[in-house]
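Model the full structure from these sequences, guided by the hints.
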Amino acid sequence: MKGVILMYETLYQLVVESKEDNRAIEKILKIFKPKIKKTLLQTGLQNREDLEQELQLKMMNLIKTYNVDTVGFWEFYERNRKGVRQ
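Sequential numbering of the sequence shown, starting at 1, is according to my numbering.
Keep in mind that the hints were calculated from the coordinates and are not lab data.
Note that the structure is a prediction, hence the values are computed from the model and not measured.
Where is the CB? At the ideal position from N, CA and C, for every residue including glycine.
There may be inaccurate statements among the hints.
[Stated by the list, open to error] Heads up, simulated DSS-like pairs for lysine-lysine below, C-alpha to C-alpha not over 30 Å straight-line: (1) Lys-58 / Lys-37; (2) Lys-58 / Lys-19; (3) Lys-82 / Lys-38; (4) Lys-58 / Lys-33; (5) Lys-64 / Lys-38; (6) Lys-33 / Lys-64; (7) Lys-19 / Lys-35; (8) Lys-82 / Lys-37; (9) Lys-35 / Lys-64; (10) Lys-19 / Lys-33; (11) Lys-37 / Lys-19; (12) Lys-30 / Lys-64; (13) Lys-30 / Lys-19; (14) Lys-38 / Lys-27; (15) Lys-58 / Lys-27; (16) Lys-35 / Lys-58; (17) Lys-64 / Lys-27; (18) Lys-64 / Lys-19; (19) Lys-37 / Lys-27; (20) Lys-82 / Lys-58; (21) Lys-38 / Lys-58.
[As the list claims (entries may be wrong)] Pair by pair, the computed Cβ-Cβ distance ranges are: (22) Phe-76 / Glu-52: 33 to 39 Å; (23) Glu-78 / Leu-40: 34 to 40 Å; (24) Asn-80 / Leu-11: 20 to 26 Å; (25) Leu-55 / Asp-21: 19 to 25 Å; (26) Arg-48 / Lys-82: 44 to 50 Å; (27) Ile-31 / Thr-65: 16 to 22 Å; (28) Leu-57 / Tyr-12: 19 to 25 Å; (29) Leu-41 / Thr-70: 31 to 37 Å; (30) Thr-65 / Leu-41: 25 to 31 Å; (31) Val-68 / Lys-30: 16 to 22 Å; (32) Glu-52 / Glu-75: 30 to 36 Å; (33) Asp-50 / Lys-19: 26 to 32 Å; (34) Val-71 / Phe-32: 21 to 27 Å; (35) Thr-10 / Lys-38: 18 to 24 Å.
As structure tokens, this is what we get:
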């Protein structure tokens, strides 16, 4: 579990950095590359390259437009559970 939390924090930090540094986006894509490759094995060979490019473009767009200032679910849950309002 500790590794998952560490990866989450690293991923979050990279998303924050990506707002000003495109190298952070490249690092995020590299993290997800094995998962993308494995998932693409479920598709036809003739479509894999195009699908991989489309997925990368979609991820880049999502990373760039992700609002890092939005409170995460568990933080929202804890604040409401404790009665903290914002």
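We went through each hint and held it up to the structure:
no.	hint	verdict
1	Lys-58 / Lys-37	15 Å, holds
2	Lys-58 / Lys-19	16 Å, holds
3	Lys-82 / Lys-38	42 Å, violated
4	Lys-58 / Lys-33	13 Å, holds
5	Lys-64 / Lys-38	24 Å, holds
6	Lys-33 / Lys-64	18 Å, holds
7	Lys-19 / Lys-35	24 Å, holds
8	Lys-82 / Lys-37	43 Å, violated
9	Lys-35 / Lys-64	20 Å, holds
10	Lys-19 / Lys-33	21 Å, holds
11	Lys-37 / Lys-19	26 Å, holds
12	Lys-30 / Lys-64	16 Å, holds
13	Lys-30 / Lys-19	17 Å, holds
14	Lys-38 / Lys-27	18 Å, holds
15	Lys-58 / Lys-27	15 Å, holds
16	Lys-35 / Lys-58	15 Å, holds
17	Lys-64 / Lys-27	14 Å, holds
18	Lys-64 / Lys-19	6 Å, holds
19	Lys-37 / Lys-27	16 Å, holds
20	Lys-82 / Lys-58	37 Å, violated
21	Lys-38 / Lys-58	18 Å, holds
22	Phe-76 / Glu-52: 33 to 39 Å	34 Å, holds
23	Glu-78 / Leu-40: 34 to 40 Å	38 Å, holds
24	Asn-80 / Leu-11: 20 to 26 Å	25 Å, holds
25	Leu-55 / Asp-21: 19 to 25 Å	21 Å, holds
26	Arg-48 / Lys-82: 44 to 50 Å	48 Å, holds
27	Ile-31 / Thr-65: 16 to 22 Å	19 Å, holds
28	Leu-57 / Tyr-12: 19 to 25 Å	22 Å, holds
29	Leu-41 / Thr-70: 31 to 37 Å	34 Å, holds
30	Thr-65 / Leu-41: 25 to 31 Å	29 Å, holds
31	Val-68 / Lys-30: 16 to 22 Å	20 Å, holds
32	Glu-52 / Glu-75: 30 to 36 Å	34 Å, holds
33	Asp-50 / Lys-19: 26 to 32 Å	28 Å, holds
34	Val-71 / Phe-32: 21 to 27 Å	24 Å, holds
35	Thr-10 / Lys-38: 18 to 24 Å	21 Å, holds
Taken one by one, the earlier hints fail for this structure at numbers 3, 8, 20, listed in ascending order.
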